[in-house]
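Q: Modelling step: build the complete structure from the supplied sequences, incorporating the hints.
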Amino acid sequence: MTDAVQTANISEAGTDSAVAIAVARTGTAEKFLRIVIPFVMVALAIGLWQLHITVNEVPRYIMPAPGDVIAALYTDWGTLSPSLLVTLRITFLALAIALVGGVGLAIILVQSKWIELAIFPFAVILQVTPMIAIAPLLIIYMPDTQSALLTCAFVVAFFPILSNMVAGLKSVDHNLLNLFELYGASRWQTLLYLKLPASLPYFAAGLRIGGGLSLIAAVVAEFAAGSAGKGAGLAFRLLESGYRLNYPRLYAALILLMVTGVAIFAATSLIAWLLLHRWHESAMKREN
Amino acid sequence: MRAILPAPLCPKSGSSILTDILEAAPETAETTPERTVVSMRNVSKLFSNGTLALKDMSLDVRRGEFLSLLGPSGCGKSTALRIIAGLGAASTGVIDWPSSRINAKGLPEGDVGFVFQEPTLMPWASVFDNVYLPLRLNGMSKSGARPRIMEALASVGLSDFEKSYPRELSGGMKMRVSIARALVTKPRLLLMDEPFAALDEITRQKLNDDVLRLWRETGITVIFVTHSVFESAFLSNRIVVMRARPGQVCADLAIETTGERDANYRTSEEYRATTDRVSRALQEAIMLGAQGQ
Chain A
661 MTDAVQTANI SEAGTDSAVA IAVARTGTAE KFLRIVIPFV MVALAIGLWQ LHITVNEVPR
721 YIMPAPGDVI AALYTDWGTL SPSLLVTLRI TFLALAIALV GGVGLAIILV QSKWIELAIF
781 PFAVILQVTP MIAIAPLLII YMPDTQSALL TCAFVVAFFP ILSNMVAGLK SVDHNLLNLF
841 ELYGASRWQT LLYLKLPASL PYFAAGLRIG GGLSLIAAVV AEFAAGSAGK GAGLAFRLLE
901 SGYRLNYPRL YAALILLMVT GVAIFAATSL IAWLLLHRWH ESAMKREN
Chain B
69 MRAILPAPLC PKSGSSILTD ILEAAPETAE TTPERTVVSM RNVSKLFSNG TLALKDMSLD
129 VRRGEFLSLL GPSGCGKSTA LRIIAGLGAA STGVIDWPSS RINAKGLPEG DVGFVFQEPT
189 LMPWASVFDN VYLPLRLNGM SKSGARPRIM EALASVGLSD FEKSYPRELS GGMKMRVSIA
249 RALVTKPRLL LMDEPFAALD EITRQKLNDD VLRLWRETGI TVIFVTHSVF ESAFLSNRIV
309 VMRARPGQVC ADLAIETTGE RDANYRTSEE YRATTDRVSR ALQEAIMLGA QGQ
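Listed in order, the protein sequences are those of chains A and B. Take the numbering used here: the final residue in the first sequence is number 948, and no numbers are missing along the way. Take the numbering used here: the final residue in the second sequence is number 361, and no numbers are missing along the way.
Treat the hints as calculated values from the structure; they're not laboratory data. Cβ atoms here follow ideal geometry from the backbone N, Cα and C, with glycine treated the same way. Hints are supplied without guarantee of correctness; some may be wrong.
[As the list claims (entries may be wrong)] Label-pair ranges, simulated between beta-carbon atoms:
1. Gly687/A / Asp330/B: 39 to 49 Å
2. Ile775/A / Ala265/B: 31 to 41 Å
3. Asp268/B / Gly687/A: 28 to 38 Å
4. Tyr801/A / Thr160/B: 58 to 68 Å
5. Leu934/A / Arg348/B: 52 to 62 Å
[To be verified] Sample of chain B residues at the chain A side, in silico, Cβ under 8 Å:
6. Gly154
7. Val180
8. Pro191
9. Arg204
10. Arg235
A: What follows is the structure, encoded as structure tokens:
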């Protein structure tokens, strides 16, 4: 709640200074509930899962109990952890390349409408073509499977970042552009001090979407392209466990993927909050 | 016509951004009232949609004047101001800066400050960084710029708010930041495009008082676009009334006062007479615009 009303030197700043806007703050109880409620709900879901298994006497080879999955996570960690690392490496590498490429290409695209007209269609074609359809081709054209998986994940994560950044770089307040022009700002200064900061909300949106998609694409590409042995990711472990009817391990691999996805979402949300919480509506608490 | 500068209400001495502006303009309005800062010569502006916003507009703005451009909506006041600022090119005509050093774009180097209708602040930057912007673009370091920024903030009464973000400020305070940013470069000419139009009456009067004080203390030349008869009559020592369709100068009124422009002046007979005179000129401009439709 509003416990930090900014005081003003009214005599100096005038009557209007007295209405300096107080920043909305979140109370301790609300902070506590924000953390506790999601955990309680997840615990409740696990409890219902266990109840379903117990009451209906569901066999383990159809659906494992939560305890079986936790046991599989522990006993199969030696098999699952290298695969988790492979998936993480592909996901984060693809996301990093997509960030650099998406932001870089967006900056180039907005320099001239002719450059945009020339390049943007390729970005759209890459986006609308189903990844599952081109993954086998990438296996043929790329030097190894890991490069093919990386390329697939990159292509999927790239477009949301690119399109959001292009929108952001084009959405700068025209009066601010006029102001920069009035003060003789160079193109570089306008980019650095105006366009890039102004497009941060769009970047944050692209980052969140791209982060999630890069994990999904890394898994889907592995399903499509197939990989096995030392370089196998979690998608291969899912398939392998399914074929062997080792459902506890399958669920364990699935949970690792879900946790990874949630962690990526949390990390990208944190980055977005750090970038925007001081000034952008999307990251601020509404005060009525 | 002679521009009359009222005696300062709140004279200040010593080193400040205000005295720096005075030093940057060694000849004050009192000593050379007729010296032209900027001239518009037969300026016309035709927009791509066929609208003739300005037609053969000529205007000499003399040093130290507080000149208000007054007129109905669509009469080209803001267009004229933006052309002077170099934010839009004239279709025909010339903008002349007889006493300024001109840069490659034909604009006076560092001589113009602009206050938009909206505060036009960077929401991601603190008050300090917003005011720092013009100096940053000039290559000045933050530490080197700090004294000037703090003086500019002090001149608008926002010394305590350097770390605040725009969203934490009221509408009036945001506009003060915008004015501080315009003043921090010590410009000779301050262009203000209906800066207080969106503010409540009390805040507007307070900011009018502040702008008047800054003008008196600095001797800076101000071109102030407004559609308010009362605001223009209170602030200006010259009011240029414009008509619409096409935008042209319709009347050029000298506003002289016998006393100080303060709270008492707002209720005085002199002020009432001035607003009557300005209102009549505006009515004529509106009628001329209607006939031109």
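Q: If a hint holds in the structure, say so; if it does not, say that too.
A: Each hint tested on the structure:
no.: 1; hint: Gly687/A / Asp330/B: 39 to 49 Å; verdict: holds, 46 Å
no.: 2; hint: Ile775/A / Ala265/B: 31 to 41 Å; verdict: holds, 39 Å
no.: 3; hint: Asp268/B / Gly687/A: 28 to 38 Å; verdict: holds, 32 Å
no.: 4; hint: Tyr801/A / Thr160/B: 58 to 68 Å; verdict: holds, 60 Å
no.: 5; hint: Leu934/A / Arg348/B: 52 to 62 Å; verdict: holds, 59 Å
no.: 6; hint: Gly154; verdict: holds, 7 Å
no.: 7; hint: Val180; verdict: holds, 7 Å
no.: 8; hint: Pro191; verdict: holds, 4 Å
no.: 9; hint: Arg204; verdict: holds, 7 Å
no.: 10; hint: Arg235; verdict: holds, 6 Å
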